[in-house]
Amino acid sequence: MEPHRLSPEQEAQRRRRSIAIGLALGALVVLFFITTMVRLASNVAGG
Amino acid sequence: MSDLSTGTVKPLGPEAAVASTGGVGDYVALLKPRVMSLVVFTAAVGVLVAPGHLHPWLVTMAVLAIAVGAGASGALNMWYDADIDARMKRTANRPVPRGAISAGDALGFGLMMAGGSVFFLGVLVNWAAAGLLAFTIFFYVVIYTMWLKRRTPQNIVIGGAAGAFPPMIGWAAVTGGIDAASISLFLIIFLWTPAHFWALALLRSDDYRRAGVPMLPVVAGPAETRRQILIYAVMTVLASGLPLTFGLGGLTYAATAVVAGAIFLWTAVDVFRIVDQGRARKAAGRLFGFSIVYLFCLYAALLAEWAIGRWV
Numbered sequence: 002m003e004p005h006r007l008s009p010e011q012e013a014q015r016r017r018r019s020i021a022i023g024l025a026l027g028a029l030v031v032l033f034f035i036t037t038m039v040r041l042a043s044n045v046a047g048g
Numbered sequence: 013m014s015d016l017s018t019g020t021v022k023p024l025g026p027e028a029a030v031a032s033t034g035g036v037g038d039y040v041a042l043l044k045p046r047v048m049s050l051v052v053f054t055a056a057v058g059v060l061v062a063p064g065h066l067h068p069w070l071v072t073m074a075v076l077a078i079a080v081g082a083g084a085s086g087a088l089n090m091w092y093d094a095d096i097d098a099r100m101k102r103t104a105n106r107p108v109p110r111g112a113i114s115a116g117d118a119l120g121f122g123l124m125m126a127g128g129s130v131f132f133l134g135v136l137v138n139w140a141a142a143g144l145l146a147f148t149i150f151f152y153v154v155i156y157t158m159w160l161k162r163r164t165p166q167n168i169v170i171g172g173a174a175g176a177f178p179p180m181i182g183w184a185a186v187t188g189g190i191d192a193a194s195i196s197l198f199l200i201i202f203l204w205t206p207a208h209f210w211a212l213a214l215l216r217s218d219d220y221r222r223a224g225v226p227m228l229p230v231v232a233g234p235a236e237t238r239r240q241i242l243i244y245a246v247m248t249v250l251a252s253g254l255p256l257t258f259g260l261g262g263l264t265y266a267a268t269a270v271v272a273g274a275i276f277l278w279t280a281v282d283v284f285r286i287v288d289q290g291r292a293r294k295a296a297g298r299l300f301g302f303s304i305v306y307l308f309c310l311y312a313a314l315l316a317e318w319a320i321g322r323w324v
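Which chain is which? The protein sequence lines are A and B, in order. The working numbering applies: residue 2 is where the first sequence begins, and numbers increase by one. The working numbering applies: residue 13 is where the second sequence begins, and numbers increase by one.
In case anyone wonders, no lab produced these hints; they're calculated from the structure. Bear in mind that the values here come from a model prediction, so they are computed numbers and not experimental data. It is possible that some hints are incorrect.
[As the list claims (entries may be wrong)] SDA-like, lysine to any residue: derived pairs with alpha carbons at most 25 Å apart:
id	chain 1	residue 1	chain 2	residue 2
1	B	LYS44	A	LEU24
2	B	LYS44	A	ILE22
3	B	LYS44	A	ARG16
4	B	LYS44	A	ARG17
5	B	LYS44	A	THR37
Bound-form chain B, shown alone (with noise of 0.2 Å):
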């Protein structure tokens, strides 16, 4: 758990004991609104382009219910790593490490948001989809942060995993189950995510190593991740493709796809072939943000065709 003796973590004082110092905003910036705003529309685009029929207003909900469970594994995330979120300058100033939430309290506060996320979604929509939920939230909590986070470099592969999963989650709220095209969903979030979180690690990595984090450029240097992170370009592309094999998205998915995905390419390429330093980290620093653009395209591509496919 988080280590309050080192890093810059502020002792608790006892009036810790009687309220937590934090605002309103602290406990906002608790469930990582930014990761939340992927999390609801990757979360959306499932619910709306899987077949079948669910109330708009239940529509709202199932989202709803993904967005406040993602923001309970953020929260959860917070409590556990507050040690090294303290050591690294991109997450010093979150809540925790920062004192205006203790650890206790965004772990009641993350504990709380989970059960009840779960809890909404099985009562209001259902229970595939609410247990899918609590599987995500246990992964990224138990099986990301607290076991492979600090252990492997391929800490974001497999955790990666939590993040892939909300679309399909939307998916399950709507049919009530698992397929082959909710996992072609999947697929294209899971093995886009390493490209996207080693090409941030490049460009941060002495923050990692000041943490005690094994990411892969600190683990296995910049040139084996600049390696691994085009392989992986390479294979996102290639699952970019697998939605239409299951009749998601037509020609404008396929277009979208064939366009952005080279663009990701191209930009995967030149962080591998790119190696003078500062030139290195442009490379890496626009792949991270291509990144983004790219997995919203896709998505905002299958969006736009099932608009299409129902008012047209």
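One chain only, chain A, in its complex shape (with noise of 0.2 Å):
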């Protein structure tokens, strides 16, 4: 059986959702780090 090979069409939405998917992992870092900090300041502020 042959290998299946992506149209160019294909691979450039592949691409894409790579893309969104690397974006989206790297805005969840972000939202993480940043409710960290705000939680932690909170809590030092509350004593």
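Make the complex out of the two chains shown on their own, each in a separate frame, by following the hints.
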């Protein structure tokens, strides 16, 4: 069985999906970091 | 599950195993962004009007998690209902029946978003709200989509609870629990849902009949549907007064509830009394459109009063 080759359009779409997943993961890291800082600051301020 | 042998669902070829042809836009469509916008708004109102304080950043995170959870429910609904969607004009162009995203990809995407949103809300805000979000997703996907939707004309009456939970989840994000005031926010949307959806079902009954979905107009006919719409519209307007008894909202909310409620009732009475085919469709269309405006006005009034109380 011949290996399936992606069309240029499919390759472009896969690349766009990969970028979107990468950006989403990066955004999650940033969100968790900021939230940790916010909670930490609140806890420190609250004694 | 989705029956790929019927309707216009395209059987997926070997290339589907290698890569879904769906673009980022198709995955966004899986999240039902229009439904999500109402969820975001009502959840945000729930968070903001709840007694207590939550850091603005955590408010944003809570609403984001609730929105993603709602989107996950939408994706799982599209996975399960692909066969029905393919037979209805309104939904035939959704990514799964169109073949842009495979049912398996929609399932994986939905599960990942569902798990992620519950975890996110639990870790970043609190686990009471996360538990409610998990229950809401379960209710929409399992109770409504898998169990009720294809079996009973009461599907959207009971299933409507899923759409009514977001303000309660928002409230729980601040208070860590449920109380009578948050239940009043829930009840407004819960009682509003049948009138809203049955107005749409009156317009799309042929679609639902073709898809084999036992919506009320298909099973009981338009006359009974119009009667039930009026009953639920009356109950919704009565329920809109409940927040006032729990100290939510004041004069602005009361005035909005009375004026918008009167228009909502008027449009529901029109649907009830106009039976002439063409005019009846227009009346149902007006009720469907205004029902969205009505719900928005009620929650916007609560939000406005919260903002006024905070800054004036």
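For each hint, the structure was consulted:
{"no.": "1", "hint": "LYS44(B) / LEU24(A)", "result": "holds, 21 Å"}
{"no.": "2", "hint": "LYS44(B) / ILE22(A)", "result": "holds, 19 Å"}
{"no.": "3", "hint": "LYS44(B) / ARG16(A)", "result": "holds, 23 Å"}
{"no.": "4", "hint": "LYS44(B) / ARG17(A)", "result": "holds, 20 Å"}
{"no.": "5", "hint": "LYS44(B) / THR37(A)", "result": "violated, 30 Å"}
The structure is inconsistent with hint 5 alone, although it conforms to all the rest.
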